[in-house]
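Peer 1: Using the sequences and the accompanying hints, generate a full structural model.
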Amino acid sequence: MSASPRSRSWTIWLPLALFLAFIALVAIGLFRPADRNVASTLIERPLPEFVLPGSLPGTPGLRSAELKDGRPRLLNIFASWCIPCRVEAPQLAELKRSGAIVEGISVRDRPEAVQAFLAEHGNPFTRIGADNAGSVQLALGSSGVPETYVIDGRGRIRYQHIGEIRPEHVAMLLGKLEAAR
Amino acid sequence: MTAELGLAALWLAAALALLQLMAGALALTARGSALGGIVRPVAVVQGLLALIAFVALICLFAVTDLSVKLVALNSHSMKPLVFKIAGAWGNHEGSMLLWVTVMGLAGGIVALVERRLPERTMLATLAGQAFVSLGFYAFLLIASNPFERLDPAPLEGNGLNPLLQDLGLAFHPPTLYLGYVGLSIAFSFAIGALVTREVGPAFARAMRPWVLGAWIFLTLGITAGSYWAYYELGWGGWWFWDPVENASLMPWLAATALLHSAGVLAARNALRAWTVMLGVVAFSMSMVGTFLVRSGILTSVHAFAVDPERGSFILALLAINIGGALTLFGLRASTVTEGERFAVVSREGALVINNVLLCAILGIVLFGTLYPLVAEAMGAKVSVGPPYFNPMGALFFVPMLLVLAVGPLLRWRRDSVERFGKRLLIPALVTGFAAVAALVVGGIALLPFLGLVLGLGLAVASVLPLRDRNLRRTPLPIWGMVLAHFGVAVALLGMASESAWSVERLVALRAGESTSVGPWRVRLADVEPVAGPNWTALEGKLEVRYGGGAEQVLRPQARSFWTPPQQTSESALLTRWNGQLYAVLGEQASGDRWQVRLWWKPFVTLIWLGGILIALGGVLAVIGHVASDLRRIVARGKIAYRRERQGR
Amino acid sequence: MNRSLSTPLSSSVAETLWHRAQVSRRRSTRTGLGACLLAFLVLALFAFPVVAQEMESTAPYAYRQLDEAAKEAKAQSLMQTLRCLQCQGQSIADSDAPIAGSMRSLVRERIAAGEEPEAIRAWLIERYGDYVSYAPRVTGLTWPLFALPLVLVALAAFLLRHRFRRGERP
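Chains as they are written, first to last, in full-length UniProt numbering: chain A, 1 to 181; chain B, 1 to 648; chain C, 1 to 170.
It is possible that part of the hints are untrue.
To give a feel for the contact side, a few chain C residues facing chain B, derived at Cβ under 8 Å [claimed, not checked]:
1) Y63
2) Q65
3) L66
4) Q80
5) T81
6) R83
7) G89
8) S133
9) Y134
10) A135
11) P136
12) L141
13) P149
14) L150
15) A156
Pair by pair, the computed Cβ-Cβ distance ranges are [claimed, not checked]:
16) B:M22 - C:G140: 48 to 54 Å
17) A:M172 - C:L159: 43 to 49 Å
18) A:T11 - B:I142: 45 to 51 Å
19) C:E118 - B:G547: 54 to 60 Å
20) B:I320 - C:V138: 36 to 42 Å
21) B:S590 - A:E120: 20 to 26 Å
22) A:R154 - B:E513: 51 to 57 Å
23) B:G547 - C:F158: 56 to 62 Å
24) B:S590 - A:T126: 28 to 34 Å
25) C:A157 - B:G323: 27 to 33 Å
26) C:E118 - B:R149: 58 to 64 Å
Hint data in this document are derived by calculation from the structure and do not stem from the laboratory. None of the values given here were measured: they were computed from a predicted structure. Just so you know, even glycine gets a beta-carbon here, dropped at the ideal spot from N, CA and C.
Peer 2: Here is the structure:
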């Protein structure tokens, strides 16, 4: 005779139990889709040290040390080849009009292209650093362009906005700047 | 008109599936037994109606009827005919229609030819098949009607994704589907056997050709998919442990286990509950795979047009079918005895251990694939990739290879270590020599080292079952087994050799400049524009030379399609007996230089050759089993005839 | 048929593709028709070559190997286990996405400077979380991954114990 049915009784229901756990898991995943953006984990931490040359010929570059002068500011990561960056240009201009200091980092770009981009879409930036290798972007934990960081006066990262700034985000970002004061 | 005909056929087929389910279920009760007679004919007609619907869709794509939404979204009048036709299943709705068509036809064939099983088991099997089909019919008709019209019809279609305009890929998904659907038949047999508690050798024999068939298609599908990713993605990788790849691997692992346990059940009437369980698991893995791919719940490089709504529909089908089957299993399996017993050192013992190891690998792949979801549910993000799957898989794969080498040499029921130990001398020596040689060569990482050494040993061990046999009288399934196991060794050697000895060269070349990669000299002669039927491209002309050999030309392209607009890089491959040279034309670098990516991959083709050998082994086994089944039927007829005469 | 091709693709097409890649990356809420339009295989991931072609890679070691073979091999094996942040389904060693180029360049430069691969991985994890590495670490969150083989072995032993012990008796 075979093993008694009793000794196997719980193992027989094991597949169903595992299956139900699987269904529960994917149901959670399906109905509460996770955010696919990869956010920086440097929030509330000091800005990494960097020194970048200017993006445009004859302009000053951008150094992390300069971002600790007591005033909160926005650090915008952009590129001339990035379409959403064009979309957010008016909002950056509006932020600047509202008194925000906007610093820029151009990523994997060329001076002529940046110049043409700014000529067409306006230049809200106080300074623009050229991150041609993309290494400062990586140091910041940024995973795409455009992204906008809120930096407080002590040079700490307070907030990361992923994707283009849409009109509805302007007030929110001004609020974050106010909170970083 | 064609579209309406197709839709009507689809509705009718769905109605017949419902009838098949009701009649089959009622016929199992005492009062409804009269209904039993209609189940088989209904199953056949249902399959034919599904076929009509599918043919209608193919016609619509062939003539590019843009008033049908599916055609307008996925086709284009300026496309080669073969890709127009392939476009019929190169999308969600069409692929689902293909699925129900194959399922209906397979059910029809089962209804026509399968006569060995008790009639009640057959009725339960066909009812189960109808139940599964019904879910997919509902999915098609409610949530993804392939025959929906557009009014007004657009002037031109959107085109088929250029990546799909490739013969390999046009036939890769349907191959996998044939595998999935074959497993659905095995699933239905398991349900039928559970309902009537008739789990025995007859059940295993009835199920085996379908499992083998499914397994052949899955093997070919995975092999083709891997080769496609290899030459299309342009970086020389052939397996990424990507969720979509894992989704195709999991049913294969389960089907491989099922195949072997069905063999034990057919030959020795053992492993009854285990085989039924695997029948359920194998199909559930097909559905889990389909779900993972279509729902987009996991990020994948092979990103499909994902849709959470479809995902939830497939999830519901999955929950009903598999949840129901596992509940039935829980209720019935305690009354299904495990059958004949055997020793550890026996053919059955080896098969059981390999079954367990295959299931362990399946567990690793499934858990690793799903773990990012577990992490997300807990609010964190993790990635599980090759650094996890390779060593963890090897943990179980290496012992499996050892048992794989030994198992076929063992006798059924019980055997002694002394007896088969002698037969393993040659493969053991080969493995030893290979290990020493590999250590002398040096610089090989652990996993490729194990792959090379064990691959060589297995290659020798796998042909040993043919020793002491009269080759002419050796049954085809034995040949099949030997070939498939040899194929595993071949594929393993290819993988190990590729990861141990691949050479990569990334260079920026001006026209006329040369470089080298491994034993090759490569000269970029020129980069010129060329045009194809629906694309233009920049084509690099690479003059290559192996050692001091003759000059050959490779032409990698950077291709631009315009319907829809997209750019792909077409790698160029040069195959020699001892490997492949892989060339990609990259971007234009500064000045007049071009980025060229080159790889020399020794023996890489063995990976896919091994896959083909494994599938061929399956083909031999199917032919052998079906032929011997036929012979048995004929013999039985003869005996009956003789008895009848003697009786007189 | 137009045989004269001065640039690989008109810039507008490239921009469309880039935009599409961005849209899909941001997981725009457009579904239904939008999803269908993207057809069976989504274009986004494969659109990167276009972008890369538009803007030549400015990261020095994105497409350039280290001269020292041992270091290049070290870099290569690390790159194969780091996840491209934009394509999300490929390692940086298998991707044409611009940011993957930057990451490759970073890895090669740091390896060339003598940094250990695991230190580079830790540096990236510090910025992007565990997501960036395909090699899960053993943490409070991931220990089940590493406990699984033991569980499987225990389960198999439990299931097989009954079977063989009795079976061995003749």
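Peer 1: Tell me, in ascending order, the numbers of any earlier hints that this structure violates.
Peer 2: 3, 14, 17, 18, 19
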